[in-house]
Amino acid sequence: MNDDRTRTTNQHNICANAVRVLGLAAIEQAQSGHPGVVLGFSDVLTVLWRQHMRYDVTLPTWSNRDRFVLSNGHASALYYAILHCAGFELSMDDLRLFRQYGSKTPGHPERDARLGIDVTTGPLGQGLANAVGIAMAERFLHSKTETSDGDHAIGFHTYAAVGDGCLMEGISHEASALAGRFGLGKLIVCWDDNQISIDGCIDQWAECSVVDRFKSYGWQVIEDVDGHDPDAIDVALREAKACDAQPSLIAFKTQIGRGTEWAGTATVHGKPLGAQRFSDFKQSIEWTLPDFTLSDDIYSAWQSEQLTPQKSQWKARVESIKDPVWHAYFRDIDFLGKTHTLPDEWKLLWASWLEDETLLVSSPQATRHSSQACLQRLVDAMPNLIGGSADLAESTGVLLSKTHTWRVDADPEQFLHFGVREFAMFAMANGMASCCGLRPFVSTFLVFSDYGINALRMAALMKLPVIFIFSHDSVFVGEDGPTHQPIEQLAHLRSIPGLDVWRPADTTETAIAWKEALSRHDGPSCLILTRQKLAMFSRGDFQWHVQYGASRLDSHGNACDGVLIATGSEVRLAYEVQMQLVDEGIQVAVVSLVCWERFQRAPEGYRSAILPESGFRLVIEAGSSSAWYQLIQNRIGAVFGIDEFGQSGPGQQVYRACGFSVEAVVDQARLLHQQCVAAT
12 MNDDRTRTTN QHNICANAVR VLGLAAIEQA QSGHPGVVLG FSDVLTVLWR QHMRYDVTLP
72 TWSNRDRFVL SNGHASALYY AILHCAGFEL SMDDLRLFRQ YGSKTPGHPE RDARLGIDVT
132 TGPLGQGLAN AVGIAMAERF LHSKTETSDG DHAIGFHTYA AVGDGCLMEG ISHEASALAG
192 RFGLGKLIVC WDDNQISIDG CIDQWAECSV VDRFKSYGWQ VIEDVDGHDP DAIDVALREA
252 KACDAQPSLI AFKTQIGRGT EWAGTATVHG KPLGAQRFSD FKQSIEWTLP DFTLSDDIYS
312 AWQSEQLTPQ KSQWKARVES IKDPVWHAYF RDIDFLGKTH TLPDEWKLLW ASWLEDETLL
372 VSSPQATRHS SQACLQRLVD AMPNLIGGSA DLAESTGVLL SKTHTWRVDA DPEQFLHFGV
432 REFAMFAMAN GMASCCGLRP FVSTFLVFSD YGINALRMAA LMKLPVIFIF SHDSVFVGED
492 GPTHQPIEQL AHLRSIPGLD VWRPADTTET AIAWKEALSR HDGPSCLILT RQKLAMFSRG
552 DFQWHVQYGA SRLDSHGNAC DGVLIATGSE VRLAYEVQMQ LVDEGIQVAV VSLVCWERFQ
612 RAPEGYRSAI LPESGFRLVI EAGSSSAWYQ LIQNRIGAVF GIDEFGQSGP GQQVYRACGF
672 SVEAVVDQAR LLHQQCVAAT
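Using the working numbering, the letters of the sequence shown correspond one by one to residues 12 to 691.
If you're looking for bench data, these hints aren't it; they were derived computationally from the structure.
Glycine included, every Cβ here is placed at the ideal spot set by N, Cα and C.
One thing to keep in mind: the hints can contain errors.
Once the Cα atoms are required to be at most 25 Å apart in a straight line, the calculated BS3-like pairs of lysine-lysine come out as [to be verified]:
id	residue 1	residue 2
1	Lys-333	Lys-322
2	Lys-264	Lys-252
3	Lys-115	Lys-282
4	Lys-252	Lys-322
5	Lys-474	Lys-115
6	Lys-526	Lys-544
7	Lys-264	Lys-282
8	Lys-282	Lys-226
9	Lys-252	Lys-226
10	Lys-293	Lys-282
11	Lys-264	Lys-293
12	Lys-526	Lys-474
Restraint-style ranges between C-beta atoms, simulated for each label pair [as the list claims (entries may be wrong)]:
id	residue 1	residue 2	range
13	Gly-281	Tyr-112	41 to 51 Å
14	Gly-281	Ser-114	17 to 27 Å
15	Ser-506	Ala-392	40 to 50 Å
16	Glu-405	Gly-281	40 to 50 Å
Please build the complete structure, drawing on both the sequences and the hints.
Structure representation (structure tokens):
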């Protein structure tokens, strides 16, 4: 027995030292990186990946694999070394190119499931929330995939590595509280409890008890585990996996920079050791192989205990799923888990939608309510559509019937209450979107998008098709005042690369915005919706032009004196301005620019037809004007926006106080027309 234990410990040390040296070599090569965590947390992750993670490097995107999230993304050198040793498609040359332009090994891990990286991490704490979202996805899919023998086709663990910094971030509180409330027993968080952050020992700024905090959230907490003892690590992980009713936090006591003269100090956090210290470390562990070189015995030791799945067993399990809807879903997602499009029988006939009088009501309707009508139909047709709201379900138009609501005491459903936790909600949606083709939606007021904007940015960076629903989109919020009236938010959202921002003007545009958002698989979309009612526009056969991001609401063609460009609620204002200008003999076109990003991708001929070069351009939107000047450039034109905070009062009154009236816009259009006449 002692001989077996000694042999196992020796094998672990060889494997852990391999990833230590590879990670340090990559950092030294780049002269950039974080060696402290490579030295301090390698034992924990070696035990996890060798003895507990279930995956198959030949089928890296298998739907039922265990997931791993490196929330402390600066530990990427350690992560890449592990993935290389485990057999993923990361070569020694990739490790040599650590942190270099265009490499597979950037400074922080970037999503590529083929390489074993499920989400992009770096902003501390978000990875933990991503992991909670993935665990929520597992719980949802587990409940839907019961098999004929009483088992389930989906049932995997989600592991997250976090550092002290992750647990200081507010998002960790938000996400962990939800994880505990929902009893996510297959979520296991490995805490690198070394008490060091960039500025030094954290006892000066992080005195609260993390252990007590997580216990209060309803977590199982496994305390004071020696993070350098492979047997203790293994026992703790087994204990965590044995707990089905609660998520688990394992507090691994570690020493940052272990084995070097900088051990236990902040110096080693983000500073390469240097050639001499690196050499001294290798000598201390009796490492004799050249840098970026491993023996076959090391690879064999690393990969000998992999818990690999069997393709035939997985297919048989899918075939035995009792629910015919989910049987079809996973039958169409092949063993690689790469299919993210909807099966044909779930694709909606959108053309018939746009002829449906019960959806396209003729009376004025707030676009948040138009969106709600769409969403209620969508959840019935799309079982993989899942989401919720940050305590604003009714206000944002995402409140679904009780049969669709996920309750803590019942099986998961498609709508869940996140509570007042915007940041965690956004990041959790990112985690869900990374899993088995789920299509998450989340909602709050537009002004509160700021709370979660970094997670929204991460969705765009990862190209995840999350749908963000933001209602109460202008000063028309009214009585709640400037704290709740968005001004700069639209400009900020439109500045995020890869994000489509839809601001529909009526129910037709709202339905098409939903269609386009769901048809997109390479990035997130925002639906910007009104609190106030908006009248419908008659478009006839031209309604499908909305899918290009902009459409004309007139028949003047290119023979006009100018173009009024508006979004959302301001399209009706532009239409009324047009009527008065036409009476004065000024021929103007009205363009509803529902999605600037989609319009930029439209065919050039279509864009030229929508926005002719001749005449003036007047952009009208109840928000910051700055971004719209790109449509003016050297032309005669102006932007009619709001560049100051609003006030409390009835929405229509505040709207007019900010200058948004037919008279004011007509005056501006007349002035631009006069400038055009004078210039000819």
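### Query
Can you name, in rising order, the numbers of the hints this structure does not satisfy?
As far as the earlier hints go, 8, 13 and 15 are violated by this structure, in ascending order.
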